[in-house]
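Participant: For reference, the chains in residue letters:
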Amino acid sequence: MSHALTRIPAYLLGLVVAALAGPALAQDADALLRNADRYRTGADNLQVDTLVQAYASDGTLDKERRYTVFAQSDRRTLVLMQSTAEQGQKVLMLGDDFWLLMPSSQRPLRITPMQKLLGDASTGDIATMRWSGDYSATLVGLEPCADATVPTGAAPSTQATLPTSCYHLQLQATRKGVTYQRIELWLGQQRHEPVRAQLYVQSDKLAKQALFEVDPSLSSVSAMVLIDQLGKQKQTRIRYLARKERTVPVEWLNPMFLARSPVLE
Amino acid sequence: MARLDPMSRHAAALSAVLAAAVLPPATAGEFSASVRSHGLARQTAATGPLAQAHALYGGIAFEQPSEGAAQLQMQGSTQWAGLQWHGDVLAQARWPAGGPGSTQVSVLEAYAAGRLGAWEWTAGRKVVGWDVGYGFRPNDLVQQEQRRTLVSQPLQGRPVLMAEQFGAESAWSLVAVNPTTGRDATGAGESALAARWYQRLGSADAYAFARWGRRTQGSVGAAWSWVASDALELHASLRHLARHDTWQDASASAGALASASPWRALTAGAAQQLLLGGTWTSERQVSVLLEAWHDGTAPSRGQWKRWANRNAALQHLGAVGAPALAVAANLAWQTQAFSASPSLHRQNLFARLAWTTGPWESALDMLYHPADGGRLLTASLAWKGDRLRLEGGLRASAGPGTAVVRQLPVQRQAFVQAVWVLD
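In the order they appear, the protein sequences are chains A and B. What the first sequence shows, in my numbering, is residues 12 to 276, in sequence order. What the second sequence shows, in my numbering, is residues 28 to 450, in sequence order.
By construction, these hints were calculated from the structure, which means they are not laboratory data. Misleading hints may appear alongside valid ones.
Claimed, not checked - Listed next, the stretches of chain A that the computed footprint assigns to chain B, with coverage defined by at least 3 CB atoms under 8 Å from CB atoms of chain B:
(1) 91-102
(2) 121-127
(3) 212-225
(4) 267-274
The C-beta atom is built at its ideal place from N, Cα and C for all residues, glycine as well.
All chains, please: the whole structure from these sequences, using the hints.
Facilitator: As structure tokens, this is what we get:
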């Protein structure tokens, strides 16, 4: 009896969601994705100053790192490590091709997409500013935005402004060099802002959960919280401190030029 | 009293000016500094020519002692008068076991760089690293960095005049290295002209190299690095040398006692060097590196056999009553063979297994010589914090008692190192 009663609200909720979802599901999944990308980009050629804060398992701040990301058109990205501990390190990403430059060696090192995954927040997490073009999107449906599997206390500002209902998109990689092979992405129903995501690596293992914080003006993503799913549920917060439109000289995107250790500012 | 590397005297003055220019409160430029300290314990060999020499006549030759060292490295870059100025200085103190300590200041890099039309130029002392391999880099034509060192140390650049041109996916580099050194300089100190051409070919990088050494004359090479899949990178490097520097035993016969070292530096004929390798990395941050290389500049099996025969003959002379001092000196001179080439043997196999988990990095590697079954085994563990890096490791020779690596003067080494990055 009690079992039947508990089923009623869920049944009614399902009817309501289905009624609302009818017109919504007609949305073009790729258009939704492009709308979501606008919250992280805003221009084809960008300079983004980023702060990455890695937290220990007990929630205390473990380390902070600063990066400058030059995200250019045609999937060309240069990441400069700005923290004292990593000063001089650079990662260049041209489409599906990646190079690591260490100040001690003065030579560019080709790295695989798997090597790009190393670290609490991988270079791919820091450098990736858009999904469209790299993934084909399929609209799964309209779902509640909240996720019961997200640990309590993760990204409190996100939880406070969480929309009620979200479009659930499934993104499948269309290029081999992307950091994650599959992404389950939830976008706010009204504004199409990214709310949360599940990030799956090549072997289809869930590597990380992502929660997005949108600034008070609701115009851009101000931070992304990553919760590691392969290790000890450690959290990493990537804050986008400043974005500005900037086109860098073409030689900055040549790995041999970067090996000269030029001053890039 | 600090001693200054004579080669670096002029560059030191320039570096001091640069360091002062970029030290706070300068508003432009970058400055960084780090402090490192290491302890290195060495266990000398009980076998091999140097051990035999010491058994006959104690203290006949220098032995590499265990040591402690502390280093301060400061580097800075700034833009001034339309040019980029860069300085990198290392001050270090060393305390060898049983000997007096010493201090030294070295200029690792000091250069100015700018643009002239379509060309970028650099003048001064600079680290210029080329080639694609890990264990062996035949086309590292300028820096000629020593590979597989147990304790990582900052590199000291070479004096260069360099011009480079960059396209979207290609680059040219033309370098005059050691332009002021004399004809007698060898190895990385040789005065030479070097050129590199680079072309990106999708998921591969292709390189062509050429070098003209004042004494060793011409060499040409090519290298290639290809990301074959999400997890696999493959690389290759090939070089043909018209001539190469080496050491040769000029003793009259295996058992002849020489009154001075019979080992002579000479410029030998043509040789080839080839490296093939690949790195596989898993999602769990485990990586496996495998490399195989042929180094035609290394002593051949026949040369090592003659070397072993002379060791045995000298030992026999010692046993039958020949003057101990003369026999010991001849045995000690035999260690010159270890410096004949970057590789001990012509055929080499190298494997490295590394694992990163959180702040921990561990690695095991092995260099194997198929010619005699000799092996060099290394294990290391590092912890990397926000500014502090702690690491330690062990290296040991293994294999048959007749293997060349078992004759090396140092058979086992252990180290600990701490690196602290300052603001």
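Participant: Which numbered hints turn out to be false for this structure?
Facilitator: Failing hints: none at all.
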